[in-house]
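**Student:** Protein chains in written order, with the working numbering: chain R, 1 to 211; chain B, 212 to 359.
By construction, these hints were calculated from the structure, which means they are not laboratory data. Be a bit skeptical, because a hint or two may be false.
One-sided and incomplete, this derived list gives chain B residues near chain R with beta-carbon spacing under 7 Å [unchecked claim]: (1) 262; (2) 283; (3) 289; (4) 290; (5) 294; (6) 298; (7) 300; (8) 323; (9) 326.
Just a few of them, taken from the derived set where beta-carbon distance is under 10 Å, the chain B residues facing chain R [claimed, not checked]: (10) 264; (11) 278; (12) 287; (13) 296; (14) 305; (15) 330.
Ideal placement from N, C-alpha and C gives every residue a C-beta, glycine not left out.
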Amino acid sequence: MMSLEKYMPAWVKRIGAVTVLLLFVAGIVFWGSFNWALEATNKEEFCISCHEMKENVFKEYQNTIHYTNRTGVRATCPDCHVPKEWGPKMYRKIQASNEVLHKILGTIDTPEKFNAKRHELAQHEWDRMKANDSKECRNCHRYDYMDYTEQGNRAAKQHPQAFIEGKTCIDCHKGIAHQLPAIDQHIGKQNEGAVQISHGEKPEEKAEEKK
Amino acid sequence: MRFIPALALAAAVLLSGAGVASAQENLESLRGKMPINQEARSDNMFRPEKDQEIIPRNFQKQPPLIPHSIKGYNITQNFNKCMDCHSKERAEETGATKVAKSHYLDREDKKHSNISPRRYFCMQCHVPQFDAKPLVENTYKPAAKKGE
Chain R
1 MMSLEKYMPA
11 WVKRIGAVTV
21 LLLFVAGIVF
31 WGSFNWALEA
41 TNKEEFCISC
51 HEMKENVFKE
61 YQNTIHYTNR
71 TGVRATCPDC
81 HVPKEWGPKM
91 YRKIQASNEV
101 LHKILGTIDT
111 PEKFNAKRHE
121 LAQHEWDRMK
131 ANDSKECRNC
141 HRYDYMDYTE
151 QGNRAAKQHP
161 QAFIEGKTCI
171 DCHKGIAHQL
181 PAIDQHIGKQ
191 NEGAVQISHG
201 EKPEEKAEEK
211 K
Chain B
212 MRFIPALALA
222 AAVLLSGAGV
232 ASAQENLESL
242 RGKMPINQEA
252 RSDNMFRPEK
262 DQEIIPRNFQ
272 KQPPLIPHSI
282 KGYNITQNFN
292 KCMDCHSKER
302 AEETGATKVA
312 KSHYLDREDK
322 KHSNISPRRY
332 FCMQCHVPQF
342 DAKPLVENTY
352 KPAAKKGE
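Put together the whole structure using the sequences plus the hints.
**Tutor:** Here's what the structure looks like:
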């Protein structure tokens, strides 16, 4: 011990080697548990532990290609709804505290309340995806690696055209994992006056009108 | 004296029971003899055909067939997936076949600006294609067109 002491920096000597070691271990424990909590709240089981998610969006999701498909590769809630990068992930997690508040308030605790809010909730996700160029889609689907000859007639025609126009995945692929809110498609009385769905070009037109 | 109707009843019950049992043995549903709470084997399941170009009609006024996959396409009160491409507002951009003018008429032949509610469920008339071979030979020939 005596021989080691001369290699120690002054600040270690001041607080003691044992304290430094304890602080180091405490750091590992703290970071480990922080990371564990982060991972635990990033699991599908956690998401659907709220009945709001389990009985509405998760049920709808089970009929879609991202849940059940030929090869059995599937996406879970956080794959699309939580960014993978550390910074945006922290931002989203802090944002989610608002969702905890509304869980306590019971804002969407019945299917009727959920459906009344469906457009607003969907619009948040559409806006987020549009702003980050559908980053969560592109974590798996990269258009640089798409083989158009393997795609169906319609996809092979639409994809290159949309990419040239600078569109992003969410511009066309809305309502692929959950049901859509009421959309005015000019095809019937029941949805007249409901929101119109954007196909990637309409928001820009609206923005120009405002100017 | 009292035994006779009772015996007759018992005999009738036994006979009808046997009749039902034999009828059940002869009947077989499309899913075979699989009990209702078990999943039937699916080795002869029909598969959707690959996307193709527009399929020519077999007779005049035939509802055009759907030449593409419709997997996961929903028609709900909120949203009609078919009309996302085939409505007259969207058809030009998507290159899809526009819904016919007849779809805007109600049952009194009155024209509306929206498609008629009786036309809302597209797949009542327009059907996707599967590799199901006809069970019997079909000798149907369309009636000749005017002037043919």
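**Student:** For every hint, state whether the structure bears it out.
**Tutor:** Do the hints match the structure? See the list:
At a threshold of 7 Å, the smallest CB-CB gap from residue 262 (chain B) to chain R is about 4 Å, leaving the interface hint in force. At its closest, the beta carbon of residue 283 (chain B) sits 6 Å from a beta carbon of chain R; the interface hint therefore holds under the 7 Å criterion. For residue 289 (chain B), the interface hint holds, the least distance from its beta-carbon to any beta-carbon of chain R being 5 Å, beneath 7 Å. Using the Cβ-Cβ criterion of 7 Å, the hint placing residue 290 (chain B) at the interface with chain R is satisfied: the shortest such distance is roughly 4 Å.
Annotation: residue 294 (chain B) was flagged as interfacial toward chain R, and the flag holds, the nearest CB pair being 5 Å apart, inside 7 Å. Because the beta carbon of residue 298 (chain B) sits about 6 Å from the nearest beta carbon in chain R, less than 7 Å, this interface hint is met. Given hint, residue 300 (chain B) at the interface with chain R, holds; its Cβ is 5 Å from that chain's nearest Cβ, closer than 7 Å. With a least beta-carbon distance of about 9 Å to chain R, the hint placing residue 323 (chain B) at the interface is violated under the 7 Å criterion.
At about 5 Å, the closest approach between the beta carbon of residue 326 (chain B) and any beta carbon in chain R falls short of 7 Å, and the interface hint on this residue holds. Checking residue 264 (chain B) against chain R by beta carbon gives a least distance of about 7 Å; that is within 10 Å, so the hint holds. For the restraint placing residue 278 (chain B) at the interface with chain R, the shortest Cβ-Cβ distance is roughly 8 Å, inside the 10 Å limit, so the hint holds. Using the Cβ-Cβ criterion of 10 Å, the hint placing residue 287 (chain B) at the interface with chain R is satisfied: the shortest such distance is roughly 7 Å.
A distance limit of 10 Å between C-beta atoms decides the matter here; for residue 296 (chain B) the minimum to chain R is near 8 Å, and the interface restraint holds. Because the closest C-beta pair between residue 305 (chain B) and chain R is about 8 Å apart, less than 10 Å, the hint holds. Among the interface hints, the one on residue 330 (chain B) holds; its C-beta lies about 9 Å from the nearest C-beta in chain R, closer than the 10 Å criterion.
Hint violations for this structure: number 8 only, all remaining hints satisfied.
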